[in-house]
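Novice: Sequence:
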Amino acid sequence: GAKNNGCNESYGSCETTNITYTNYVKGLMSGKCQGCHSGTSPQGNLKLTNYAEVKASAQSGRLVGSMAWETGYSRMPKNGQQLPVCTTDKIRAWINDGMPE
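Residue numbers (the numbering used here): 1 to 101.
Heads up, a few of these hints could be off.
[As the list claims (entries may be wrong)] Derived lysine-lysine pairs resembling DSS-like cross-links, with alpha carbons at most 27 angstroms apart:
id, residue 1, residue 2
1, 47, 78
2, 55, 26
3, 26, 47
4, 78, 32
FYI, nobody ran anything at the bench for these hints, they're computed from the structure.
Taking the hints into account, I'd like the entire structure generated from these sequences.
Specialist: Structure below.
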């Protein structure tokens, strides 16, 4: 039978067009980031709970730097595995497209 590869972003090609906060980034933040980066005492004093907060982190370079494990940034998710390259590519594409909501 056919393999169920529907939720594996690393399988096949990585679609990076038409990425918006609403159709991709919001779900990623909710599923992978907000467990630590929300509430009254977010880790690193960084909240990622809404468009404005995520956009500010993206504009500073902190969002991609941490996700891509770049030198000088805290590796995220903390104590977890690095996110797939496709995930980071989608966030870079969103930023390069002007961070549409």
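Novice: Give a verdict on every hint.
Specialist: Each hint, compared with the structure:
no. : hint      : result
1   : 47 <-> 78 : 15 angstroms, holds
2   : 55 <-> 26 : 11 angstroms, holds
3   : 26 <-> 47 : 13 angstroms, holds
4   : 78 <-> 32 : 10 angstroms, holds
In summary, this structure violates none of the numbered hints.
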